[in-house]
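Novice: Please build the complete structure, drawing on both the sequences and the hints.
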Amino acid sequence: MSEFLEALRNPDISFLRYALIAGVLASVSFGVVGTYVVARRISYIAGAISHCVLAGIGAALFLQRRAGLEWCLPLYGALVSALAAAILIGLVSLYARQREDTVIGALWAVGMAIGLLFIAKTPGYIDPMSYLFGNIMLIARQDIWMVAGLDLIVVGLSLFFYNKFLAICFDEEFARLRGIRVELYYLMLLCLTALTVVLLITVVGIVMVIALLTLPAAVAGHFSKRLWQMMAFSVIFCVAFTVAGLGCSYTYNLPSGPTIIVIAGAAYLAVMVAKRLWQSLKGAIKISGYRNSSASQIVNFKNPGAPLEKS
Amino acid sequence: MPENAVVTFKGVSFGYDTVRVLQDVNLTIKELDLACIVGPNGGGKTTLLKLILGLLRPKTGEVRVFGLPPVQARRRIGYMPQFSIFDPQFPATVMDIVLMGRVERRWGGPYRRADKKAALNALDQVGMMDLTGRLFNALSGGQRQRVLIARALASDPDLFLLDEPTANIDVVIESKLFEILKELNRRMTILLVTHDLSFVSNIVKNVICVNRTVVQHPITDMTGEVIRAVYGADTRLVLHENPHF
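Just so you know, the protein sequences line up as chains A and B, in that order.
Those letters in the first sequence? Residues 326 to 636, per our numbering, in order.
Those letters in the second sequence? Residues 563 to 807, per our numbering, in order.
Note that these hints are calculated values from the structure, not bench results.
Among the hints, a few may not be true.
Pairs of lysine-lysine residues, derived as DSS-like cross-links and limited to a Cα-Cα distance of at most 27 Å, are as follows [stated by the list, open to error]:
hint, chain 1, residue 1, chain 2, residue 2
1, B, LYS592, B, LYS612
2, B, LYS678, A, LYS550
3, A, LYS550, B, LYS621
4, B, LYS592, B, LYS738
5, B, LYS621, B, LYS572
Reference listing, derived: stretches of chain A covered by chain B, where coverage requires no fewer than 3 residues with Cβ under 8 Å from a Cβ of chain B [stated by the list, open to error]:
hint, region
6, 480–492
7, 495–505
8, 546–558
If you're wondering where the values come from, they're calculated on a predicted model, not measured in any experiment.
Backbone N, C-alpha and C fix where the C-beta goes; we use that ideal spot for every residue, glycine too.
Specialist: Shown next as structure tokens:
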């Protein structure tokens with residue numbers, strides 16, 4: 326690790342420092358928006374949005390090099406296509422009830438296909454691998470400002486509408502009956518997801534970014550009683566996974582994106598296993614306790630797992 | 563339209579694609595009524611409820627709630643869904659959920675003190691004041707149900723709809739639930755849906771039988787000694803003048 330700390334101070338490998346700063350900044354958005362995505366159970370939709378980003382990156386590269394539009398950076402293409410995909414996929418999931426999964430699966434693949442076609446027709450060699458799996462060497466100083474700006478927008482909106490999002494994630498029908506325009510907030514949530522996904526595409530890549538959105542929130546869910554607690558914990562976990570991932574990837578000379586994701590996945594698995602073990606341990610203590618008491622007679626037959634009603 | 567009608571259906575028909583669910587329904591629910599919607603599964607109970615809530619639009623005919631189209635009257639309606647529909651891993655406390663009954667009152671930002679006061683008051687009415695900080699999903703079925711009643715009460719409704727409030731709860735909790743509803747009925751119209759065809763609790767004033775068509779019954783005061791002996795609780799017989807099931 327000391328090697329990694331030294332490298333952060335080295336001016337020749339400034340991209341590592343930028344990647345770390347971008348990772349830590351973006352983790353705030355990832356924790357907050359990822360919590361909504363996990364609570365509302367729309368990881369699949371978030372996955373489709375992130376894959377559609379390749380279409381925008383491809384188109385931007387094509388315009389930049391073929392049409393000579395110098396200002397047309399891949400990041401702008403990514404932003405536009407992510408927002409467009411969010412709205413399109415959101416409308417499909419709202420109004421195409423029966424074929425929702427088929428249509429979203431198709432958009433997922435078509436988005437990537439469009440991106441690859443643009444890249445194929447763009448002059449000069451472009452490695453799509455950088456965009457699919459991340460390449461921290463692509464991060465520049467101005468990207469940090471971009472990440473910080475987007476971060477502010479995403480976190481600001483997510484927290485301002487916290488109560489609305491909470492009500493909609495928990496019980497959409499009830500929110501609608503209270504007069505909330507549920508569709509509007511749902512589309513806004515998907516747009517926030519789209520912006521978040523774009524923040525770390527250069528670090529972890531299109532294919533794996535979705536895991537960084539969901540895994541910290543899934544781990545945090547085990548420790549939280551309220552949605553905002555889940556957000557706070559997921560921000561902490563996301564920072565931890567990103568920093569540890571970058572550290573390991575530098576120390577052992579591994580690609581950064583996969584390292585971050587494997588660490589996040591391992592942490593999730595460890596928490597699941599630990600929780601399962603803890604529950605069976607508690608269960609074993611309870612059973613031996615019940616055997617020695619007359620309380621063993623009282624069982625809630627309708628729902629054996631539920632605690633007994635005190636009346 | 564009668565002066566004090568809360569819900570009126572005029573010649574309402576509804577169907578999903580080719581299946582006709584409700585046919586030519588005429589119905590009036592008066593102010594401070596406590597009516598029970600009964601009928602077999604697939605008979606159209608939920609459809610009737612969704613028409614009142616404005617979640618579905620009738621194919622023909624007209625639904626009015628407080629004299630308005632249902633969508634416009636929504637804020638005056640309190641609704642309690644079945645508690646089994648919720649994600650068992652969702653992190654939310656009792657207070658979080660009850661406050662959702664006031665979610666439409668602010669454009670954004672946190673809840674105000676008045677909202678929290680209303681939520682606590684609603685929890686007090688269902689006897690759950692001491693559980694505000696508890697995780698919703700760690701509660702028992704009966705407790706969760708009372709939280710959902712409190713959530714509806716926090717929005718200060720004039721009409722209260724309950725979907726299958728007696729499903730998945732035992733007799734003791736059921737009688738407690740009916741006590742709460744009886745108390746609430748002093749100031750609001752209550753409509754509950756149940757799959758129980760023959761017997762309804764003695765608090766119900768009116769029974770609405772739904773099976774494609776709708777028939778309203780008054781409750782008779784005749785209670786058979788046999789029924790009392792079998793069920794061991796006060797039940798009332800529904801008078802079926804012309805059998806339609």
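Novice: Each of the hints needs a verdict: does it hold here or not?
Specialist: Evaluated hints:
With a CA separation close to 19 Å, the supplied pair B:LYS592 and B:LYS612 stays within the 27 Å bound. The straight-line distance between the Cα atoms of B:LYS678 and A:LYS550 is roughly 19 Å, inside the 27 Å bound, and the hint therefore holds. Distance hint between A:LYS550 and B:LYS621 is unfulfilled; the C-alpha atoms sit about 44 Å from each other, more than 27 Å. A distance of roughly 25 Å separates the Cα atoms of B:LYS592 and B:LYS738; the hinted pair therefore holds under the 27 Å criterion.
Restraint check for B:LYS621 and B:LYS572: the C-alpha separation of about 12 Å stays at or below 27 Å, so the hint holds. Beta-carbon proximity to chain B at under 8 Å applies to 7 residues in the region 480–492 of chain A; the threshold of 3 is reached and the given coverage holds. Restraint check on the region 495–505 of chain A versus chain B: 10 residues with Cβ-Cβ distances below 8 Å, three needed, restraint holds. With 7 residues bearing a CB less than 8 Å from a CB of chain B, the region 546–558 of chain A meets the requirement of three and the coverage assertion stands.
Consistency with the previously given hints fails for number 3 only.
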